[in-house]
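Letter by letter, the chains look like this.
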Amino acid sequence: MRTPLGNIALAAILVVLVTVGLQGLASPQSTGNSRVIKLGAAISNTGNLAAEGKLTTDGYDFAVEWINAHGGVKVVGQTYTFAPIKYYDDESKPAQSAALMEKLVTEDHIGLILGPYSSDNTIAAAAVSTKYGAVLMADEGVAKSIWTSGNKNVVGPVVYDYQYMYPVVDALIAGKTGIKSAVMMHADDSFSVGVAEGAVAYLKEKGINVLGDFQYPAATTDVSSVLAQIKELHADALLSSGHVQDAILITRQAKQNAIGFKAMAFTVAPPTPDYVKALGKDAEDVIGPAPWVPQENFSDPYWGSTQKFVSAFKAKYGFVPDYHVGNAVIGVELFAQAIAKADSLDPTKVGAAFLNVTYQSIGGPVHFNNNWHEDNQHGAAIQLQGGVPVPVWPAQYIKRLRYPMPSWARR
Amino acid sequence: MSLPASSQPSRGLAPSASTSRFRVTGAAALRSGGPILFAIVAIAIPMLVSGYALREATAILMFMTLALSWNLVGGLCGYPSFGNVAFFGIGAYVTAGLVANLHWPFFPAAGVAALSALGFAAVIGPVVLRLHGHYFAIATLGTAQALGQIVIMVPWVGGPNGIILRVPYATSGQYFYYLMAGALGGALLITYAILRGSWGYACRMIRQDEIAAAASGVNTTFYKTACWSLSAFVAALVGGVYALWITFVNPPSVFDPLISLTMVVLALVGGAGTLWGPVLGAFLVENIDQYLWARLLTAHTLFLGLVIVVIVLFLPRGIWPYLTGQQGLAWRSLFEGTKRLRV
Amino acid sequence: MEFWLQIVVNGLLLGGVYALSALAFSLEWGILNIVNLAHGSFIMLGAYVTWMLFTSPLHLDPFASVPIDFAALAGLGFVMQRFLLNRVMRGEFFLTLLLTFGIDQVLVNVGILLWTADPRAVAPSYSSVSLAVGALTIPYTRLAVLIVALAITVVLARFMHHSRLGRAINATGMDLDAANLMGVRLPFVFALTMGLGCGLAGIAGALYSLNFPFSPQIGGDLTLRAFVVTCLGGLGNMYGPLLGGLALGMVESVATVVAGSGAVDATAFVILVLILALRPRGLSGRAAA
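Residue numbers (this note's numbering), protein chains in the order written: chain A, 936 to 1346; chain B, 38 to 380; chain C, 2 to 290.
Excised from the complex, chain A in its bound form:
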């Protein structure tokens, strides 16, 4: 049947296709209030880093809301407030991270961006942000290569990956534990590998015998054979760098296979609520590094003090903030202070305001060198006691360290 209907349908489909295709071109311009600071953020909502992503967004949103409600940011004598943060999901993929960086800058016209969660995504994002002169607050991505690859305006308020475990090692030594040997396990993603390399070198430097360093696939579901090998080594301490899911797995399988240590330390997991919820009493006495702990009490320009921040956050969200939240909040308040110091929203000027300068934060004073990276942070270490992360490092907390861990049977 020769119907024009078919051709019309064909044309309609083509129109739909082209319209959909042109969506990328039509950018919704939001004019809005002119005394507004626009921040963008890359987070991981899907992909395998999604759990940490939620904590980070809680921190960002809380900080923005609070600063807005408590005086905003003064720029050229006017009071500015933060617009709601524009979030994009980087799907834990570097290519997506780069794409969203470009979208934030070229379509949403946002030049102040809070960093992706992982180092890999930050590397890809930094290449794009440097190209456009945007300022990237890399508060969750810590690989040294981000700052040695010619990137500009990438602000690093947190220690490098290889320094991550230093507080744990410092605590174990300063606590006069008599620890002589340790064994390292790490996942095979770049963050975990960086942490492990730094930790092993530091352990050796401090005179602790490193009996082995085992790498496992990041998404592994079974480490019992690796643990069986580790059991043979009879090390005093187990240090592991990975993420929450593998920390839960390792702790559990260590108990199941009756492999005991005098001390166990994991990156990322111990301060998070999920780790304790999943393991209950088995998580007791586990140690972990934390760039920030909620027990500190520094003076802070927005909350008054760290403790006031902690109570305010807990009142709103119902849980004590962990270091992911802390880092996120610090990121926002650093931006606020730099904008005020630069007295401008221009990313070039804001970026310049992060060179050779010190800002106060809920984590204490942060000093930036001339490569936009901090050089006075050391991080802290916590130990799970009674299901609660208790600081055991810096030195003023060392007396709280409990060593050795009781054997599995006596928990």
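In case anyone wonders, no lab produced these hints; they're calculated from the structure. Since this is a predicted model, take the numbers as computed values, not measurements. Wrong hints could be hidden among the right ones.
[Said to hold, decoys possible] Distance ranges between label pairs, derived from CB positions:
| no. | chain 1 | residue 1 | chain 2 | residue 2 | range |
| --- | --- | --- | --- | --- | --- |
| 1 | A | Ser1246 | C | Leu144 | 46 to 54 angstroms |
| 2 | B | Ile187 | C | Leu144 | 32 to 40 angstroms |
| 3 | C | Met53 | A | His1313 | 36 to 44 angstroms |
| 4 | A | Lys1021 | B | Ile325 | 15 to 23 angstroms |
[Said to hold, decoys possible] Sample of chain C residues at the chain A side, in silico, Cβ under 7 angstroms:
| no. | residue |
| --- | --- |
| 5 | Gln7 |
| 6 | Ile8 |
| 7 | Ser254 |
[As the list claims (entries may be wrong)] According to the in silico footprint, chain C covers these stretches of chain A (three or more CB under 8 angstroms from chain C):
| no. | segment |
| --- | --- |
| 8 | 1146-1158 |
| 9 | 1173-1183 |
| 10 | 1189-1203 |
Every residue gets a Cβ at the ideal spot worked out from N, C-alpha and C, and that includes glycine.
Could you slot chains B and C onto chain A? The hints should help.
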């Protein structure tokens, strides 16, 4: 013994007997006018848009080329490879390694990368292509996974940290768009050349019934391996451009099994075995994906899954055969299919 | 010496997990010729059902939740087959792959929306207790998985060969048209088989939750493992997944020690490709199509 159609080579491109509302005019217009319009639009885009939109357009071109590369072995020959990301990864890594570590200029590096992928495919082809259907799928999937794991252990290419490329020359968005367009053009030319000639004929025979093809004297091993190697070549070219474009390659991103799956989905949705099917499939699905990603922060993969389900139910041969009149909307024939099952 | 014995034991226990998760996959592939890319996500759903029941005021023990898991997921699988997959059964096999891929994406995203991506674990009081045999430690929950895998294999084999429904299912796997002519109601049997498969995935999920931390995204890995195990073990034989699973578990356990944990995946796949190239039937299967 009659197994369900699914485990035998597919039935090929014979037009179905169901009703088709499109007549020759619509289809012919599409066939000749479509590609010209496409070429004009493709070349003009960088002059019209920039920044994010240009980046997204480049990404769409990348997926079109990847879908075409899969099409060479999966659509034309009917061998469902689920590991083509291995070639993409080889291309990205070899290019990145040569450019970053040995300071080669880009084009020779990409060329060598594409040829190494082709060589790799030619070597493992005769082994892997002896398998069929699902077994071939898992073997290719496994090869890609294994390669991704092995790369983590090679320090020269950065191990788990990957390689960061510092690009000395212009890094404008237009440059990468045209690079990617060049790769797409190459893929289209290769596919067109194969489809037109006796090569394409041989491949179609292999897809429909490999035993009959072999019995008719077709050197199935040669044609299969050749398509497989060309598929590797094209995917590796894309990988090379990707490496330069994103300036960062690491094992999880360039050996991601989801890329293999995406290639398959795009080609099938668009119309496997055709020249323009994968292009159309990539255009449609990636546009929808990007649109949803920017607007639905928490549910975009959900809708993508639904879109795929809907397309499979309504347009099982892909969109291109439907547009060019070879296939009607499948809902009616699906009902008929179910009714037949009830006999 | 005890070290290697422990490695072997670890391998068998790991194999039990693999076998259990591959049983359903093998059933769906062997009978329906459907490679269910959403299989891992069904296991994930089973794990979450158990978790929800465990953390609810009922505090239902994971083993007690097994029948509920089975029923819930069998129902879901039945519906999925009846209304979605049945439509593409006569089409190219690519279509079922695509369809199950789409369904998988939907399930994962629904999981993230409902339960967030946080890792969860089900940890009743006995979850970290082990049986000590000399210097060997055998965790009870892992042993339970192996025993359940064995039990289900045996029960399934009996069901398929000795019951009317089982033989109908078997018949459709052997020859669709002949089964049709013999009066088997194909759409119903398809749906039932898929329901059975998904129900088994639910059981696997319940036991998985006891042993491993999980999140909505574990599906992909699980499906891949099931795929490998099924190829290793061969299709068409109810004991295939068990053999394949134990074999894979042993290979991985030994490879971890010999080649380092990072090489485990690579080793497993190289072995798989070799086996497929040399013996395409797998360890115990019928001839490949």
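Now the hints, each set against the structure:
Range check, Ser1246 (chain A) to Leu144 (chain C): about 48 angstroms between beta-carbon atoms, so the 46 to 54 angstroms window is met. Between Ile187 (chain B) and Leu144 (chain C) the CB atoms are about 34 angstroms apart, so this pair conforms to the stated range of 32 to 40 angstroms. Between Met53 (chain C) and His1313 (chain A) the CB atoms are about 42 angstroms apart, so this pair conforms to the stated range of 36 to 44 angstroms. The hinted window of 15 to 23 angstroms between Lys1021 (chain A) and Ile325 (chain B) holds, with their beta carbons roughly 21 angstroms apart.
A hinted interface residue such as Gln7 (chain C) counts as satisfied when its beta carbon comes closer than 7 angstroms to some beta carbon of chain A; here the least separation is about 5 angstroms, so the hint holds. Evaluation of the Ile8 (chain C) hint against chain A yields a held restraint, the C-beta minimum of about 6 angstroms falling below 7 angstroms. About 5 angstroms separates the beta-carbon of Ser254 (chain C) from the nearest beta-carbon of chain A, less than 7 angstroms, and the hint is met. Counting residues of the segment 1146-1158 of chain A whose CB falls under 8 angstroms from any CB of chain C gives 9; the rule of at least 3 is met.
Only residues whose beta carbon comes within less than 8 angstroms of a beta carbon in chain C count, and the segment 1173-1183 of chain A has 3; three or more means the coverage holds. Chain C is given as covering the segment 1189-1203 of chain A, and this holds because 4 residues of the stretch bring a CB closer than 8 angstroms to a CB of that chain, at least three being needed.
Checked against the numbered hints listed earlier, the structure breaks none of them; every hint is satisfied.
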